[in-house]
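Engineer: Number 141 in UniProt numbering belongs to position 141 of the sequence shown; there are no gaps in the numbering.
These aren't lab readings, by the way, just hints derived from the structure by calculation. Bear in mind that the values here come from a model prediction, so they are computed numbers and not experimental data. Just so it is clear, CB atoms sit at the ideal spot from N, CA and C, and this is done for glycine as well.
Each computed DSS-like pair below joins lysine-lysine, with the alpha-carbon atoms no more than 27 Å apart:
no., residue 1, residue 2
1, Lys437, Lys212
2, Lys123, Lys48
3, Lys56, Lys212
Ranges of calculated distance between the beta carbons of each label pair, as one might list FRET restraints:
no., residue 1, residue 2, range
4, Ser224, Pro314, 49 to 59 Å
5, Lys300, Leu339, 15 to 25 Å
6, Lys45, Leu339, 27 to 37 Å
7, Pro217, Lys123, 25 to 35 Å
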Amino acid sequence: MLENLDALLLARIQFAFTVSFHFFFPAFSIGLASYLAVLEGLWLKTGKPVYLDLFKYWLKIFAIAFAMGVVSGIVMSYQFGTNWSVFSDVAGPILGPLMAYEVLTAFFLEAGFLGVMLFGMNKVGKKLHFAATLMVALGTFVSAFWILSVNSWMQTPTGYEIAANGQYMPGPSWWAIVFNPSFPYRLVHTVMAAYLTTAFVVGAVGAWHLLKDRANPHARKMFSMAMWMAAIVTPLQIFAGDMHGLNTLEHQPAKVMAMEGHYQSHPDGAPLILFGIPDSEAKTVRYAIEIPKASSFILKHDWDAPLAGLDTIPDDEEPPVGMVFWSFRVMVGIGFAMLGIGLWSLWGRVRGRLYDMPWLHRAAVLMGPSGFAAVLAGWITTEVGRQPYVIYGLLRTADAASPLDAPAVAASLLAFILVYFTVFGIGVWYILKLMGKAPHAGEYGVKRGDTGPIRTAGITPGLTQNPGGEEALPSARPEKEPV
Numbered sequence: 001m002l003e004n005l006d007a008l009l010l011a012r013i014q015f016a017f018t019v020s021f022h023f024f025f026p027a028f029s030i031g032l033a034s035y036l037a038v039l040e041g042l043w044l045k046t047g048k049p050v051y052l053d054l055f056k057y058w059l060k061i062f063a064i065a066f067a068m069g070v071v072s073g074i075v076m077s078y079q080f081g082t083n084w085s086v087f088s089d090v091a092g093p094i095l096g097p098l099m100a101y102e103v104l105t106a107f108f109l110e111a112g113f114l115g116v117m118l119f120g121m122n123k124v125g126k127k128l129h130f131a132a133t134l135m136v137a138l139g140t141f142v143s144a145f146w147i148l149s150v151n152s153w154m155q156t157p158t159g160y161e162i163a164a165n166g167q168y169m170p171g172p173s174w175w176a177i178v179f180n181p182s183f184p185y186r187l188v189h190t191v192m193a194a195y196l197t198t199a200f201v202v203g204a205v206g207a208w209h210l211l212k213d214r215a216n217p218h219a220r221k222m223f224s225m226a227m228w229m230a231a232i233v234t235p236l237q238i239f240a241g242d243m244h245g246l247n248t249l250e251h252q253p254a255k256v257m258a259m260e261g262h263y264q265s266h267p268d269g270a271p272l273i274l275f276g277i278p279d280s281e282a283k284t285v286r287y288a289i290e291i292p293k294a295s296s297f298i299l300k301h302d303w304d305a306p307l308a309g310l311d312t313i314p315d316d317e318e319p320p321v322g323m324v325f326w327s328f329r330v331m332v333g334i335g336f337a338m339l340g341i342g343l344w345s346l347w348g349r350v351r352g353r354l355y356d357m358p359w360l361h362r363a364a365v366l367m368g369p370s371g372f373a374a375v376l377a378g379w380i381t382t383e384v385g386r387q388p389y390v391i392y393g394l395l396r397t398a399d400a401a402s403p404l405d406a407p408a409v410a411a412s413l414l415a416f417i418l419v420y421f422t423v424f425g426i427g428v429w430y431i432l433k434l435m436g437k438a439p440h441a442g443e444y445g446v447k448r449g450d451t452g453p454i455r456t457a458g459i460t461p462g463l464t465q466n467p468g469g470e471e472a473l474p475s476a477r478p479e480k481e482p483v
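Start from the sequences and build out the full structure, keeping to the hints where you can.
Structural biologist: See the structure below:
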């Protein structure tokens with residue numbers, strides 16, 4: 001049975017499965033790390049304990065999400081060697097150093113300060129602990145910087161030379177490689193997507209607890225902060241997405257043709273197809289609901305501007321239109337739904353009823369996972385729209401795979417599915433359990449052992465070596481909902 005399967009298709013499904021799982025956690029932890037830095041900074045500035053309580057509340061959730069992000073990311077590195085060895089060989093001289101920079105900068109930064117952030121509040125000074133939190137937040141951004149530089153180069157490769165053995169080698173300047181044409185747009189769009197993902201999770205948790213107790217000051221504060229993000233950042237994200245789309249039209253026109261559903265060229269203005277069913281065999285979008293010439297206005301800022309269609313490129317270079325068409329609409333639809341929530345919250349805030357609008361709170365709860373759906377839809381649009389290339393215009397996906405038999409890939413894919421749903425399912429369940437508990441005064445923070453974090457080497461410090469004193473240890477303080 002397995003012998004009849006396509007090894008290339010299985011390898012693509014495996015990578016799509018693992019990277020989809022992984023993407024959820026960085027999309028959350030990037031924004032949450034910055035949110036924690038804001039909370040701690042506001043606590044230091046104002047002295048209000050509500051900010052410290054929220055910091056400790058979300059710190060527990062961040063620790064779990066960060067750990068799952070690291071573990072799920074390691075798996076993908078191995079797949080480069082096992083399933084995509086040709087890609088690793090020809091692109092390694094360029095992508096290898098970029099990924100190494102991510103380890104040498106972001107990973108070391110996060111690893112160096114994460115322990116202080118999680119366990120050091122009673123061990124170091126307040127300002128030093130805040131500096132550690134800032135470094136972790138910076139590390140998540142730097143990680144996104146390098147990973148997006150790698151992926152952007154695969155979308156818009158520049159600054160390379162082709163060696164005699166067929167490898168893509170760095171050209172005269174690394175600047176052209178790192179800051180390739182699509183990278184600035186993708187960095188801004190992706191990082192803001194991470195911030196919005198976190199904002200709507202925080203808003204959903206705050207709304208959930210407001211529905212139970214409208215007087216909860218912690219729920220009020222987190223909901224208010226999240227709604228400010230929704231109202232301010234969502235319009236900026238829509239603008240950044242528009243700029244990214246114009247850049248994509250310039251460098252990857254076939255992707256935009258698939259996103260728009262333009263099988264045919266339009267010399268006198270292209271319509272904006274809102275909905276329909278793409279039919280790649282008939283080269284048309286059936287049952288299309290469209291706005292005449294609106295696509296030309298959005299993409300060219302001219303109602304009558306001509307737009308080329310998929311009829312201008314060979315069939316074997318055409319991306320899967322149906323998947324790209326619908327994933328793009330899911331992403332855009334969620335974006336405007338986020339904008340609606342933000343505007344709704346502004347209306348309630350102006351009227352002084354932000355905390356007394358149960359329908360807004362219910363809508364915010366429903367929108368809690370919307371950021372994850374949006375980033376996944378955006379990733380599908382980006383990666384599937386690049387097909388049939390893994391390095392756009394240079395290396396086809398079919399030529400990048402390892403010479404593996406289908407049973408080998410299928411077996412590892414099944415193993416990944418079982419392990420991922422089990423391990424990460426438990427992790428997500430525990431995060432939801434933590435979110436289900438209402439934040440309260442005197443939040444405990446990350447749970448430690450009776451003598452501090454577990455040590456695998458070195459001596460166990462005595463009380464005189466504990467800068468926080470006995471009161472800094474959990475055994476010397478009353479337990480408050482340990483987790």
